[in-house]
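There are 6 protein chains.
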Amino acid sequence: MPRLPRVAELTANSVGWGFFLCSRKEMRTGRSGSYLALLLQDASGEVRAKVFQDVDATSLEFDAGEFVKAQGKGNSFNQQLELIVDKIRRVMPERDAIDGFREEDCVRCSPRPIDEMWQELQGHIAAIGDPNIRALLGRLVAAHGDRLRIWPAARQVHHAYRGGLLEHVLKLVEIGSLLAERYQARRDLVVAGAILHDIGKLQELSYEMSTDYTVEGNLVGHIALGFALVRDAIREVPDFPPALAAEIEHLVLSHHGLRELGSPVEPMTIEAFILATVDDLDAKIQQIRQHIADDGSDGPFTSYHRRLERAFYKG
Amino acid sequence: MPRLPRVAELTANSVGWGFFLCSRKEMRTGRSGSYLALLLQDASGEVRAKVFQDVDATSLEFDAGEFVKAQGKGNSFNQQLELIVDKIRRVMPERDAIDGFREEDCVRCSPRPIDEMWQELQGHIAAIGDPNIRALLGRLVAAHGDRLRIWPAARQVHHAYRGGLLEHVLKLVEIGSLLAERYQARRDLVVAGAILHDIGKLQELSYEMSTDYTVEGNLVGHIALGFALVRDAIREVPDFPPALAAEIEHLVLSHHGLRELGSPVEPMTIEAFILATVDDLDAKIQQIRQHIADDGSDGPFTSYHRRLERAFYKG
Amino acid sequence: MPRLPRVAELTANSVGWGFFLCSRKEMRTGRSGSYLALLLQDASGEVRAKVFQDVDATSLEFDAGEFVKAQGKGNSFNQQLELIVDKIRRVMPERDAIDGFREEDCVRCSPRPIDEMWQELQGHIAAIGDPNIRALLGRLVAAHGDRLRIWPAARQVHHAYRGGLLEHVLKLVEIGSLLAERYQARRDLVVAGAILHDIGKLQELSYEMSTDYTVEGNLVGHIALGFALVRDAIREVPDFPPALAAEIEHLVLSHHGLRELGSPVEPMTIEAFILATVDDLDAKIQQIRQHIADDGSDGPFTSYHRRLERAFYKG
Amino acid sequence: MPRLPRVAELTANSVGWGFFLCSRKEMRTGRSGSYLALLLQDASGEVRAKVFQDVDATSLEFDAGEFVKAQGKGNSFNQQLELIVDKIRRVMPERDAIDGFREEDCVRCSPRPIDEMWQELQGHIAAIGDPNIRALLGRLVAAHGDRLRIWPAARQVHHAYRGGLLEHVLKLVEIGSLLAERYQARRDLVVAGAILHDIGKLQELSYEMSTDYTVEGNLVGHIALGFALVRDAIREVPDFPPALAAEIEHLVLSHHGLRELGSPVEPMTIEAFILATVDDLDAKIQQIRQHIADDGSDGPFTSYHRRLERAFYKG
Amino acid sequence: MPRLPRVAELTANSVGWGFFLCSRKEMRTGRSGSYLALLLQDASGEVRAKVFQDVDATSLEFDAGEFVKAQGKGNSFNQQLELIVDKIRRVMPERDAIDGFREEDCVRCSPRPIDEMWQELQGHIAAIGDPNIRALLGRLVAAHGDRLRIWPAARQVHHAYRGGLLEHVLKLVEIGSLLAERYQARRDLVVAGAILHDIGKLQELSYEMSTDYTVEGNLVGHIALGFALVRDAIREVPDFPPALAAEIEHLVLSHHGLRELGSPVEPMTIEAFILATVDDLDAKIQQIRQHIADDGSDGPFTSYHRRLERAFYKG
Amino acid sequence: MPRLPRVAELTANSVGWGFFLCSRKEMRTGRSGSYLALLLQDASGEVRAKVFQDVDATSLEFDAGEFVKAQGKGNSFNQQLELIVDKIRRVMPERDAIDGFREEDCVRCSPRPIDEMWQELQGHIAAIGDPNIRALLGRLVAAHGDRLRIWPAARQVHHAYRGGLLEHVLKLVEIGSLLAERYQARRDLVVAGAILHDIGKLQELSYEMSTDYTVEGNLVGHIALGFALVRDAIREVPDFPPALAAEIEHLVLSHHGLRELGSPVEPMTIEAFILATVDDLDAKIQQIRQHIADDGSDGPFTSYHRRLERAFYKG
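Residue numbers (our numbering), protein chains in the order written: chain A, 57 to 371; chain B, 57 to 371; chain C, 57 to 371; chain D, 57 to 371; chain E, 57 to 371; chain F, 57 to 371.
No lab work stands behind these hints, which were simulated from the structure alone.
Note that the structure is predicted; figures quoted are calculated from it, not measured.
Any given hint could be a false lead.
A pair holds if it fits inside one copy or across any two, identical chains being indistinguishable in the list.
[Claimed, not checked] In silico lysine to any residue, SDA-like type, Cα no more than 20 Å apart, as pairs:
| # | residue 1 | residue 2 |
| --- | --- | --- |
| 1 | 370 | 269 |
| 2 | 370 | 239 |
| 3 | 125 | 163 |
| 4 | 125 | 64 |
| 5 | 81 | 131 |
| 6 | 340 | 234 |
This is chain A alone, in the form it adopts within the complex (with noise of 0.2 Å):
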């Protein structure tokens, strides 16, 4: 039985067996019986899997949240790819290691080395003029190192992988520092905010191996923690002038650009209009190159994009 494709390779053709994260495991029932309904992800993307054999006995061979060994076939299903499944097993570490299971491959995970981000970022913030800047950066980076290394960017919208974020934050310091140059905008200040506007993510999501929002995630949201979070740091950062708080406070709550999108104030200074734009751009074409990607139809035009409502030229 040969291996099966990565997951953003897998076709109705494919045949095989591969490791995976299953992040969804429910029991259904169809017109001819009860099915498992799963979702299996790797470093590459995520599939629908279903399992209509030995179901009741399948589902004890492993949960939702564990790494399984799987084999089956692909399958086209309402013009969707999904994964016939034959069997399903949890990993078992040692013996899977052999045949060459590895977490990191089995997690959906940013096209970018996470060390090699997290280098970038140390030298963006070594590279801030402004030292009270320099040290809040510092101080909140270090505070938080461990899930800003990892975390995704969002759930579903974009960057919803590991190690996300910081590839957005990073894609965000780099065009917002070009733009605060030709602007003449006040550079160290566009870096932070880039740096900062989605740290509120990081309470926002919950994240092991799948991404959900927690109870604070929803009632009080990732600007508001976002700000919050700042605030404390800003407060630990000895003598930071008020009116510079003020205005990185600012970049933090007002970086979704409009009330209508959640931001309780809009931009009021040239660098909080830059890092807005740049936020909102950057997330546009993450998901424009997605949806490109994902797209199965046929034709010059992508398929409609809800979100977006519209449709793209693939070219």
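Could you slot chains B, C, D, E and F onto chain A? The hints should help.
Here is chains B, C, D, E and F on its own, set in the frame of chain A:
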């Protein structure tokens, strides 16, 4: 020379002198030369005023932010009442006290006595059943008592006078409690939300005779400021339950009801729905009553209210 | 064979028989042949049901709109509970009465007893101080008592069951009175508005076991229908003051609060503001409570509520 | 002293005397003392006017709502034409008749003669095929003939002059009939809708020389008032078919086309769509023509029209 | 074996064979194996169809875009009619002609004969008074005659069939002329706008049996494409007056009436207002009539229309 | 008599003479007689001015659209700076050249020298890799060079001065290129879009000293005009690939980003998203900087900006 009536009772026929707080003073140039444009207030309201005589000399006699003694007569200009001032100078406290000058008579003020309101607030807090909530409220109210006693609720829209915030808060406690009981909602949460929802206004607005936005007030806003105050205070109550903390912060953050009105999260609990409803209703009723009181138009309907986009029936 | 629990307590493990009202019955064709798709209800709620066996013969045994005796078992399909029916026939009143069949147990119903609510309504009317308003309410309630006692408040959204309209009206009287007192508004007007605001629903909806829109209900709508009923009744009260008439009609017409929600005029009096606020709050709280009760999802938040566009916190 | 041209032809160079209706008269105080601010009209339009001389004495010579004889000259103030009045007194009917005073020349008026319009309306009603609709229209038009002949269609927006409502109604009958024929819609229904759609304006507006909203007009509005008038009249036509009644009431209620424009129900029949379209088109064309006629700006485009949010091409 | 009725008259009880155009053919995988999902049409409408037997062999017998002979029976699936096909093959023109096959019977088509419509269009152009406009229309219609005769007006929304664009254009000429006359607008301009407004659809849509968007259609859109066609043609009419050119281009660009509906400029002339109104009304009436015709629901109201957001009264 | 400072540095205390372009001149009538209301500009900005003395005679000395020599003093009126002019006459070129008169000093102008900007533009075009795009840009820029060098980008909103369009275009090329590189988008397309997006403004606006809308500018608009210019030029480049043509036209048509902002199609490619984002950001930053520069208010925040609906933080 007779004494002028209170601002609320001034007419185009009023002639005499009175004590006021001068909250604005600007030199302007009209067709026939310079004049001083003033805003004067007493406990009952505020009125525009103009000085046309001896402008340069008179201007040296007082400044914006000072209490003044002014003599003049009412006038109707563009259908608005104004005061044409003949003489004006800053108050000389000892001397003018003989004529009845008292600071508190010259500042716009809640119709309810401050001490009475303060005691009522203390009573509400003492009546809270949940010890964590009671401790939180006690701590916050004690820490900010100086401001909370006298703060206005807004610069212009509603309850925009000394003690206005406290008056508004107490009304929300009263109405919110009733609704909580009638809908079997958690009364303690609604009361906490009512007391805390606008606490960020203590930092959003500066209030020293006249009211204005602080830098932080504009850049951060009272919703985020209030949330931060509450979050800090919660940390100081030992063993405050995290889920309760999230719910109370949610009450503060969601109290405008809709994202487009500045709440970064929208009500997700019955208690948050009740609070947002009561806050909106109380502010609207105060605005309508104020508009009817200020209205000088003939007939059974008021003039058009810009913010509420309609006229009201005076009956 | 055991008796099935009430609809509200059905689970995927329930097995047995019960009495229901069948409010919908359709023949459908699936991949493996025809089946009957039903909607069954009792006092506690409603549930979808399917008949797969002996479809043609079984279909002759009952019709939509009839009370039925059904035997079957619970099932979970697409995460929704349904009943797989093995046997079903129309109720035989005498015979089934022995097994405990009672019509009123098979129709969705307000949790409050109708007679108790009716007496409460009479008490509220008797307590009205203004003789004109009291006469008007007495006349309208007497004329439409048969319907007003049992009518639902809606087909689906909220209070959509026998007696639901009366239950909703009484809650509005209760809450509206309190707010009127606390805000020194005219209590009699608010009570009149609460009792009359939805009276057009008696003509908008047909209700004979199940609820639907009438032709007039769709083309004219309950707001205009209610206004016409009130206007006609006012004409029959001798010497009813015209300004009072206009205010009461205004309460009915403006009770949705905004033109885009179907009110041709928006509230122009304090009383109309209170009524629209209370109506909205009561409908929202009922919907949230219903949604939380119906919610089958895991975790501290409900599934997404389409109409209210958010999830709710279950605590 | 020459006679002034008609209001529509006044310029900054006009000098002389004329007869007008004075529809507004207010005492105002400017920098150089009191003056009278007037609004004068004749059949062709209206113009602001000011009296600066002998203000107190002159003010006794006439009142708002009276016909006046005025002498003065044109002036351009803030780019708007006004009349600087030197002498003004109330009309002395007999004496001034000699100089050509006629009441009808001094009131803004439809360009079409009232009697001609009235006969045309009677012809349209007589041509209705459906006896029930014909009876209904005959009854309503007879009952309200006095007002329907002379009423304006609005206070300001369009057809805001004597006979304007009738002129607007006849245009809608004309255009609506054509569209009904071309689209095989039921012509009688469209004609009925055209005649009845604004009948509530007879109660919404008061019109005695000048136009204003009644209490009922504000609190109930012409859509509900018109619906009630029609519903009452339908009841008096024996055996009026209920479904036809609902459709006619629907025409009146839905004629603004959208809920946010004040229709509590939106068009659900072809005829209601046609009526709403024609009503909107006729009102818009009248506003555009009026704006072009009033426009004093240079160049091929008019000034900006606030309500329609654009400039128009004058060609 | 009998012949199937026309698509518009198919029911769940229909059995037999017929000729169709197959406009879509997809292989899908269900629970019990693969099947072919088809879309079949004739002059009267279109219907979904499925092939479950001998799928692989059958699939070789025809392709999407070909005329087919199919045999099967009606079925009702999820409340929509479909055809379960037993046999299907591509048409053999000579042989099938004997059984009455004609291409034109198998393509959805305007109810009006194309030649009759074409002559009517020529008559309208000949009747234009302005020689420049007449020359422009003559040139454009001659250059694009092949497409203009047969093009659909849309892929789905309204007049979505052979000759639909011409049918829509002629209705707009008819109604637009009448309104122009009755409102003393420039008839020639309105007629030109009616003929030209959608001419960009000849490039926006591809139409070869079935309709789709072209690359240019998506990226540029019919409004800009039509404007470019008109602008090019104007250049070829010697001495075309520039102001007239701008007005005609304005008609094409503004015909959707509002920017949010895709018009980069909004109507600034009476003629452009009339055109946009008539285009909207004609499209809406066609949609409503189609929806009523397609509606299979019981009772006096149709099912809900998603695009128009309401149900319609069937009378 | 000293020379006045440049307009940008005028204060209420300035006294002296200077050279200006008079872009508006109107006779107005105030309470104390007629006066001339002027708009004067030099390279640094524009200022309102008034002539009160010898109005009739002075008015003969110059016209709107002429260069003038004026003497007067600054004044603050309604918190806006104006110039009270004592003497004014049209420039006598030879004679005034002696005193330093130069046309280019009297017209509002980009801060960057035109020749430098022009060379930069040529460099950008030469650097384009795709020969078709390079040919297209070369052709268009050559054909419209005269206007493109000096045109303003708008009448009022942003870059509303000589050379403003070119300055705006170059900024978009700069920023757009960077973003294209960083996001691996097609740089040539983004540069082409940046250079061409506003080319329709060469026809939308007239610019002869002062700026105004042309007839075509209003009726057709710069988006459609630019699209037509580009489409015509594409036709003249032999063998221009059709798909590339559609993409470039899409860039021009979609550059406002949203239909409600006047783009008939919305961005469907990454490059179009980048262009619309950069155009919006550049215009906003220019407006904010202009508003801060113009702002005369005290305190750390500017006055309210109507178009952007907020105040800005001046820091």
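For each hint, the structure was consulted:
Taking the shortest Cα distances, residue 370 and residue 269 sit within 20 Å of each other only across copies (14 Å), while inside one copy they are farther apart (33 Å). Taking the closest pair of Cα atoms, residue 370 and residue 239 come within 20 Å of each other only across two copies (16 Å); inside a single copy the shortest separation is 33 Å, beyond that limit. Within a single copy, residue 125 and residue 163 get their C-alpha atoms as close as 14 Å, which meets the 20 Å cut-off; across copies the closest is 51 Å, which misses it. In this assembly of identical chains, residue 125 and residue 64 lie within 20 Å of each other by CA distance solely inside one copy; the values are 17 Å within and 41 Å between copies.
Taking the shortest Cα distances, residue 81 and residue 131 sit within 20 Å of each other both inside one copy (19 Å) and across copies (18 Å). Proximity of residue 340 and residue 234 under a CA criterion of 20 Å is satisfied in both settings, with 19 Å inside one chain copy and 17 Å between copies.
Going down the numbered hints, you'll see the structure goes against none, and every one checks out.
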